[in-house]
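Peer 1: So the chains spell out like this:
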Amino acid sequence: ETGVTQTPRHLVMGMTNKKSLKCEQHLGHNAMYWYKQSAKKPLELMFVYNFKEQTENNSVPSRFSPECPNSSHLFLHLHTLQPEDSALYLCASSQGLAGVYEQYFGPGTRLTVT
Amino acid sequence: AQTVTQSQPEMSVQEAETVTLSCTYDTSESDYYLFWYKQPPSRQMILVIRQEAYKQQNATENRFSVNFQKAAKSFSLKISDSQLGDAAMYFCAYVSNSGYALNFGKGTSLLVTP
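If you read the protein sequences in the order shown, they are chains A and B. Residue numbers for the first sequence follow the working numbering, so the first one is 1 and each next one is one higher. Residue numbers for the second sequence follow the working numbering, so the first one is 1001 and each next one is one higher.
Excised from the complex, chain B in its bound form (with noise of 0.2 Å):
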């Protein structure tokens, strides 16, 4: 079974600032995609950005960039210049390429300060 971590409950940063969000993960597969989502108070979860495992470049998307260490089953969300809007939970996801059920991390709550 895949298993998904995410060791911060809760981070701050403040405006305008960089915050890092980490996920590690567990899975014997070779191929397969991993995902941050972000939850923001008003509960619609949406995709912040996708990597895709045989790809060694790392996903960017805007202001959200990742860390994808493969060897060391490690996924970690950088988000630049942070804006108050950026405040919410993120979730780190894996899927399989095989599968179709995505696997969640607990999630981590991220406060901006202004």
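Pulled out of the complex, with its shape left as it was, chain A reads as follows (with noise of 0.2 Å):
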């Protein structure tokens, strides 16, 4: 596997339901970030990890919850979501933080609250 890897690619849950969506990059980055991607509106940053350490927290509902057990991976939690939670959330990842850096996208998990 290369770049940026999402799993799984779809995901449908109900409100009570919990899930988790995982990120893995296989380019030796330090930074990695969870984006939502809703039809109409520009992509929204939720979370961004800087060598394992939160750095930012958009704003974002305690009903999403991040875990980053490494550089490499980067985990979102979900539980007693709201239908306006259905998204594509995107991972990415960068070599640093600052705008200098790259940021490589993965896939995408497209979520469907039911």
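Heads up, some of the hints might be wrong.
Straight-line distance between alpha carbons at most 30 Å, and here's what the computed DSS-like set of lysine-lysine pairs gives [what the hints assert, rightly or not]:
#: 1; chain 1: A; residue 1: Lys41; chain 2: A; residue 2: Lys18
#: 2; chain 1: B; residue 1: Lys1073; chain 2: A; residue 2: Lys40
#: 3; chain 1: B; residue 1: Lys1106; chain 2: A; residue 2: Lys40
#: 4; chain 1: B; residue 1: Lys1073; chain 2: A; residue 2: Lys41
Everything labelled a hint here was simulated from the structure, so no lab data went into it.
Grab the two chains, each in its own frame, and use the hints to assemble them into the complex.
Peer 2: Shown next as structure tokens:
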């Protein structure tokens, strides 16, 4: 595997379920990101981790819980979601923070909350 | 706060022709980076081209070039000799030199017709 991978690619869950999204990067990067992509809206940054430490939580509801056990893996734990949380969730990584470093994106997980 | 505006929700171009996608941004920073990302139907977001604000010379990458007008806060993407594989959503993005959070526009859907 190369680049940034995400599993699952599609997920349908009920509002009372608990599920997790997984992201893995094979680029040796130190920073990882979660973005939310909703229809007709710009991508929204959710969380940023640098060297496994969370550096940003962009006012995300607590029903989204990130976890970064090491610089290569990033999880997004989901519980008691709302229908408006249905979206494409994109993971990205970069060598470091700061605009000079290109962010590489995964293919995304299409989440549907019923 | 920085905002990125893409005023063209959809654009269409014939194969082998040239098309220009518009982007404007708002910032009080003087040092920043601008990007164009492409998201094909397969959903993997990839970087097309990058521009450093301190460079006056417009960036080019093969058939892709930008027209960066710093005073006007404008950053348009020109695609020459359009190909069917260029069909995708194109996102303009901004990040300050001291930041790492990409600010995206809403995107422009590009259709390439034979």
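Peer 1: Of the numbered hints stated earlier in the document, which are not met by this structure?
Peer 2: The structure breaks none of the hints.
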